[in-house]
Amino acid sequence: MLLVDDEPGLMDVLEQYLRDEGFGVLRAVDGPSAVETFKRELPVVVVLDLNLPGFPGTEVLRRIREICDVPIIMLTARVAEVDRVVGLELGADDYVAKPFSPREVVARVKSVLRRTERGEGSAPSREKRVGAIAIDVLAHEVRVEGKLVTLTPTQFKILDVLASHVGQTLTRDQLLERVTSDGDVFDRTLDRHIANLRARVEPNPSNPRYIVTVFGVGYKMVDPS
Amino acid sequence: MHDVRNQLAVAVANVEAMRDGMIDPSRERFETVLAALAQADGLLHRLNVLSPPPAGGDASGLEPRA
Chain A
13 MLLVDDEPGL
23 MDVLEQYLRD
33 EGFGVLRAVD
43 GPSAVETFKR
53 ELPVVVVLDL
63 NLPGFPGTEV
73 LRRIREICDV
83 PIIMLTARVA
93 EVDRVVGLEL
103 GADDYVAKPF
113 SPREVVARVK
123 SVLRRTERGE
133 GSAPSREKRV
143 GAIAIDVLAH
153 EVRVEGKLVT
163 LTPTQFKILD
173 VLASHVGQTL
183 TRDQLLERVT
193 SDGDVFDRTL
203 DRHIANLRAR
213 VEPNPSNPRY
223 IVTVFGVGYK
233 MVDPS
Chain B
227 MHDVRNQLAV
237 AVANVEAMRD
247 GMIDPSRERF
257 ETVLAALAQA
267 DGLLHRLNVL
277 SPPPAGGDAS
287 GLEPRA
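Residue numbers (our numbering), protein chains in the order written: chain A, 13 to 237; chain B, 227 to 292.
These are computed hints drawn from the structure, not numbers from a lab.
It is possible that some hints are incorrect.
[As the list claims (entries may be wrong)] Selected chain A positions facing chain B (Cβ under 8 Å, derived; list incomplete):
1. 21
2. 25
3. 67
4. 79
5. 110
6. 152
7. 156
Since this is a predicted model, take the numbers as computed values, not measurements.
Note that the Cβ used here is the ideal one computed from N, Cα and C, for glycine as well.
Just chain A, with the same shape it has in the complex (with noise of 0.2 Å):
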């Protein structure tokens, strides 16, 4: 598991007691290196500050859920903030505000862990697929029928986030939301990027499969297999 937090007086007890219950526990102490950690080891579950150096937890947060549905629990000082971030708008699974009991922590880990191990949630994994595409996450890479397709980083985003949500209308809001993190996407370029997208990706552009048109509300991601 992974355990990110910038206050060594915290980390320190807190990693006594997860090695104590059997986990593994590896360290991360600002933002840009929870990422980093994240990417090369895949934890099965992650513990995360709000508050960090670098770029806060919310964003570390956003990073880790394009890349898979690893159970986070978020431990946070600001019980105004815990609302948005437990709610479907960032996706934490849990959180514990501070302070804390650890022995708190520990039962909240095995808690979100059980629930995983009951299928409600799925293992770190490094490709999503759906239909004939696959999509390599952390190689930034398409394929569409086994072959490669090149992607602009918006489009690969769309498609990402897309694909993590199978069978959900995403809201134009909810997909812009996902996507600009630079604020690079403008709501009226939102449907030259998906057509774009579908350009690359879909048999036939001029009737999609893939990524249908939910009018007057957003854009879907089906399977047709």
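Please build the complex by placing chain B on the supplied structure of chain A, with the hints as guidance.
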């Protein structure tokens, strides 16, 4: 206020860990706890200086614990 909670988190976690026998109650551990409490105290002091307590109220913003 979140910085105060961060320091309290360090103090609480270390004291609990010593109680549970998870870490040795070394001098260094006690220093960690004392330093965290001193920082929390300093932060609360600054908060009180910046926002004086309303009449009959408590400006610490600490919520009562159950």
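A quick look at each hint next to the structure:
1. 21: 4 Å, holds
2. 25: 4 Å, holds
3. 67: Not OK, violated: residue 67 of chain A not within 8 Å of chain B, min 17 Å.
4. 79: It is violated, given that the least Cβ distance between residue 79 of chain A and chain B is near 28 Å, above 8 Å.
5. 110: At 4 Å from the nearest chain B Cβ, residue 110 of chain A passes the 8 Å test, so the hint holds.
6. 152: Hint on residue 152 of chain A: violated, closest Cβ of chain B at ~35 Å, above 8 Å.
7. 156: Since chain B brings no Cβ nearer than about 47 Å to residue 156 of chain A, farther than 8 Å, the hint is violated.
Checked against the numbered hints listed earlier, the structure breaks hints 3, 4, 6 and 7; every other hint is satisfied.
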